[in-house]
Amino acid sequence: MEPVAEKSDRTSYLQGQRILIVEDQSLIAMELQDFLDKAGASIVGPVGRLQRALSMAENSSLDAALLDVDLNGERCWPVADTLSRRGIPFAFTTGYSNIVMPERFELHPSLPKPYREKDLLALLGKLLGTDREESGAISAVPEPIGR
Amino acid sequence: MRIHQDFLMAELDHRVKNTLATIQALVKYSSTGAGSMEDLTKGIQERVHAMARTHGFLAQNRWEGVELHKVMAEQFAPFGERVTIAGPKLMLRPKAALSISLALHELMTNAAKYGALSMASGLVEIAWGVRTRNGERWLVLSWVEQGGPPVAPPTRMGFGRLLLERSLGYDLDGEVSLDFWPTGLVCTAMIPFEHVIEHKE
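Just so you know, the sequences run in chain order A and B. Just add 1222 to the spot in the first sequence (first one is 1) and you have the numbering used here. Just add 31 to the spot in the second sequence (first one is 1) and you have the numbering used here.
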């Protein structure tokens, strides 16, 4: 059993932070939304379609974003490019274990599905640059295969 | 050949992980509204079973799609002639087949607990067709209950209803309306036609 962390200490950095959720499966999006709600974040989305995600990434005021790689058969790369351009930190979430990322995103953090609440919150802490003590919870950058 | 196999393995991996993530959430939310541990366990079992059955149909068809009629027939077989199913021959793409079967499962569970299927006199009519609106085609699915106990709109949003609305609304980008007529629940869903594979016959 792992010790239960003090919730307020762990997640105070998420208070009021605007996080965009891009996820095409409603149940997974609901759960994600709950984790972030509980941590006090302010949620933008969730959104599951590429075009809508793009427009939110372009036009919303955001502190960070979580991007599901596969959106109903389309890749989320254009959304990632938009966020990069705007300087908004983001991480990928995906069910693919060995996904080949475009080179420009290879060093980006990603969280494999299904994820645990604490791993998700730790990842967001890193993205927001306010939780440097936390370590080991974020998955390593996936090893590119077949290159 | 190797490349094709790698592709299939990656897709399988993706599908399994997403299914596990979905079940993780399903387990979490099934507890809302469950009266007892037994109810909770049964609720999860039934939902996982509905998903597994559709997976089975999809596997039989090489994950291309499933007949809408087939999604329903087995699910409603226990109710015999009390549930009628009518509509043109249509094949659903995998994601739509999974979402629609889960939505129907929620309607069926609700009807068996509180609605038309909770009384011997109750009937359910399920029908579907194709409608064009603003130049776009939609699959229209209707669920009409009658002959059950008098119906009043529920006072709170249960997880079953949320699951029904989200799986059709969010996952399929469709529209869902629930009307609590005194004679019985009426549910109408409009599903974008991109989720349907048209028959080449």
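Think of the hints as simulated: they come from the structure by calculation, not from any bench. A couple of the hints might just be wrong.
[Claimed, not checked] 25 Å max Cα-Cα, derived DSS-like pairs, lysine-lysine: (1) Lys-59(B) to Lys-1340(A); (2) Lys-73(B) to Lys-59(B); (3) Lys-48(B) to Lys-144(B); (4) Lys-120(B) to Lys-73(B); (5) Lys-144(B) to Lys-120(B); (6) Lys-126(B) to Lys-101(B); (7) Lys-48(B) to Lys-1340(A); (8) Lys-101(B) to Lys-1260(A); (9) Lys-59(B) to Lys-48(B); (10) Lys-144(B) to Lys-101(B); (11) Lys-48(B) to Lys-1348(A); (12) Lys-1260(A) to Lys-1348(A).
Note that the coordinates shown come from a computational prediction; the quantities given were computed from them, not determined experimentally.
Exercise. Mind checking the alpha carbons of Lys-101(B) and Lys-1260(A) for me, to see if they're no more than 25 Å apart?
Key: 41 Å, violated
Quiz prompt | Satisfaction of hint between Lys-1348(A) and Lys-1260(A), Cα-Cα up to 25 Å | solution = 18 Å, holds
Quiz item: Do the alpha carbons of Lys-48(B) and Lys-1340(A) lie within 25 Å of each other, as the hint requires?
Solution: 18 Å, holds
Quiz item: Are the Cα positions of Lys-59(B) and Lys-1340(A) separated by 25 Å at most?
Solution: 16 Å, holds
Exercise. For the pair supplied as a hint, Lys-59(B) and Lys-48(B), confirm whether the alpha-carbon distance does not exceed 25 Å.
Key: Within the cut-off at roughly 17 Å; holds.
Self-check item: 25 Å limit on alpha-carbon distance, applied to hinted pair Lys-73(B) and Lys-59(B)
Solution: Holds. Lys-73(B) to Lys-59(B) sits at ~14 Å (cutoff 25 Å).
Quiz item: Going straight from one Cα to the other, do Lys-144(B) and Lys-101(B) come out at no more than 25 Å?
Solution: 24 Å, holds
Quiz item: Does the structure keep Lys-120(B) and Lys-73(B) at a Cα separation of 25 Å or less?
Solution: 33 Å, violated
Quiz item: Does Lys-144(B) pair with Lys-120(B) here, judged by a C-alpha cut-off of 25 Å?
Solution: The given pair, whose Cα atoms are some 30 Å apart, is violated under the 25 Å limit.
Quiz item: Does Lys-48(B) pair with Lys-1348(A) here, judged by a C-alpha cut-off of 25 Å?
Solution: 24 Å, holds
Quiz item: Are the Cα atoms of Lys-126(B) and Lys-101(B) separated by 25 Å or less?
Solution: Distance of about 15 Å is within 25 Å: holds.
Quiz item: For the pair supplied as a hint, Lys-48(B) and Lys-144(B), is the alpha-carbon distance within the 25 Å limit?
Solution: 32 Å, violated
Hint check: violations occur at hints 3, 4, 5 and 8; the rest are consistent with the structure.
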